[in-house]
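Novice: Starting from the given sequences, assemble the full structure and let the hints guide the process.
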Amino acid sequence: MDSKLLDILACPVCKGPLRWHRDSQHLVCRVDRLAFPVRDGVPIMLEDEARRLASEDPLLAD
Numbered sequence: 000m001d002s003k004l005l006d007i008l009a010c011p012v013c014k015g016p017l018r019w020h021r022d023s024q025h026l027v028c029r030v031d032r033l034a035f036p037v038r039d040g041v042p043i044m045l046e047d048e049a050r051r052l053a054s055e056d057p058l059l060a061d
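Heads up: the sequence shown begins at 0 in numbering that gives the first Met the number 0, then just goes up one per residue.
Just to be clear, a hint being listed does not mean it is correct.
Once the Cα atoms are required to be at most 20 angstroms apart in a straight line, the calculated SDA-like pairs of lysine to any residue come out as [as the list claims (entries may be wrong)]:
1. Lys-3 / Arg-38
2. Lys-14 / Asp-47
3. Lys-3 / Trp-19
4. Lys-14 / Leu-58
Hints in this document: simulated from the structure, not taken from any laboratory.
Specialist: Structure (structure tokens):
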């Protein structure tokens with residue numbers, strides 16, 4: 000994931016920052032507990048495509 004792209008992307012729900020998780024290929028919003036998939040290098044920034052994360056999900060850890 001390009002670092003410049005990460006700088007401008009924001010959560011489409013709360014407009015907050017996203018964290019890139021390379022292993023799972025997801026952009027994660029910790030506030031809304033959503034994981035947005037990245038397919039073939041393209042972030043899918045649709046709320047309907049995001050996976051809801053449980054509070055104990057490892058993607059929410061620092």
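Novice: Could you work out which of the previously given hints the structure breaks and list their numbers from low to high?
Specialist: none
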